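Protein chains in written order, with our numbering: chain A, 1 to 164; chain B, 1 to 188.
Simulated from the structure, these hints should not be mistaken for laboratory data. These numbers were taken from a predicted model, which means no experiment stands behind them. Watch out, some of these pointers could steer you wrong.
To be verified - Here are the simulated DSSO-like cross-link-like pairs (lysine-lysine), alpha carbons at most 27 Å apart as the crow flies:
1. A:Lys-45 <-> B:Lys-87
2. B:Lys-87 <-> B:Lys-129
3. A:Lys-80 <-> A:Lys-104
4. A:Lys-45 <-> B:Lys-151
5. B:Lys-129 <-> A:Lys-46
6. B:Lys-188 <-> B:Lys-87
7. B:Lys-129 <-> B:Lys-64
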Amino acid sequence: MQKQSLQITKYAILFMAFATILFAVAIASAQGPTPTDDEVNQIAKKLYCPVCENVPLDVCPTEACRQWRDQIREMLIEGKTEEEIIDYFAVTYGERAAGDPRNKLEAYLIPVVLIILGTLLLLSALRMWRKPLAAEPTSQKDGAKPVQQDEYIARLEEELKKRK
Amino acid sequence: MTETTPPRRGVPLWVQIIIWLFLAGLLATVALGLSRRQQGTVQPGQVIDNFNLTLYSGYELDGKNEIDLADLRGKVVVINFWASWCKPCEQEATELQQVWTEYEPTGDVVFLGVDYVDTETDARVYLKKFGITFANGPDLATRISQYFRIKGVPETYFIDREGVLRYVQVGPFVNADQIRAQIEPLLK
């Protein structure tokens, strides 16, 4: 009787050990492998902590940045993608946390459009500026200016004759 | 002597206006940016605009997990900016909690912890370590700290019942009396 109960206990312990191992394996496989430092830094170098301005997260030595890198590691374990992680940081800590602007269309298109518009405006202004100056010699032929100049030359010649 | 007419300039007036407006706008933007950088934190006497703070679960205020500053009119509000990675913040954490427990039963004073550039996991460890129970939440997208133009953490802002900023503490408090000394006049 005692021998039988001992055997049952032995089986129970074996079963418990087996169940624990199975459970641990299930948790580990659900979480995925632990990301390496290189994998974490691959994302970290695209982020900037507001506390240490202009220092990328992968090389920032502060405690705040270390915590952020740990957060990236946790999110990678959870199976988040690089894009999702960067979006999370931009939403939680502000746009400046992300090195690249989130709204790329707005960030890159607007300056290009403004530069093109400015160039066009400048070119049209230059063209308008140059036109009247180029037209001046032809208009002088029958305008009032040559008459004025002739009068001036005539008076000048007259004064010179008087001096002689 | 007859007057000679100056050569005609061809730039139309509307182009000149646009160019001058653009230059004026550019200068104004640069000037505004520079003056904002030199301004320092918001100054006492200024009415603080409304802002919204989402609170960490377990650190709600009257059961609400989201609060508007405007809803706290009529109460003295103490806003403390902190972070779990900030060592000087640890110097005042116990004192802040101590003073909060003294004023909490009166219902006249509200303490708000604004967690600056922090991760929730580390923030929770910090809050637990110092036994903090007053309302706390993350400064999402650093909007609140940008509004207050904080220079670092810790910084504490005392707002009176009318919503006017009365005192700014830059750096940690040395003792609990220092905190009480700022709250008491605002309760009268």
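Hint check results:
Restraint check for Lys-45 of chain A and Lys-87 of chain B: the C-alpha separation of about 25 Å stays at or below 27 Å, so the hint holds. Between Lys-87 of chain B and Lys-129 of chain B the CA atoms are separated by roughly 13 Å; this keeps the pair inside 27 Å, and the hint holds. Proximity of Lys-80 of chain A to Lys-104 of chain A is assessed by CA-CA distance (about 22 Å); at most 27 Å being required, the pair is judged to hold. A distance of roughly 25 Å separates the Cα atoms of Lys-45 of chain A and Lys-151 of chain B; the hinted pair therefore holds under the 27 Å criterion.
In summary, the hint linking Lys-129 of chain B to Lys-46 of chain A is not supported, as the alpha carbons are separated by about 32 Å, beyond the 27 Å threshold. About 34 Å separates the Cα atoms of Lys-188 of chain B and Lys-87 of chain B, which puts this hinted pair outside 27 Å; it is violated. With a CA separation close to 23 Å, the supplied pair Lys-129 of chain B and Lys-64 of chain B stays within the 27 Å bound.
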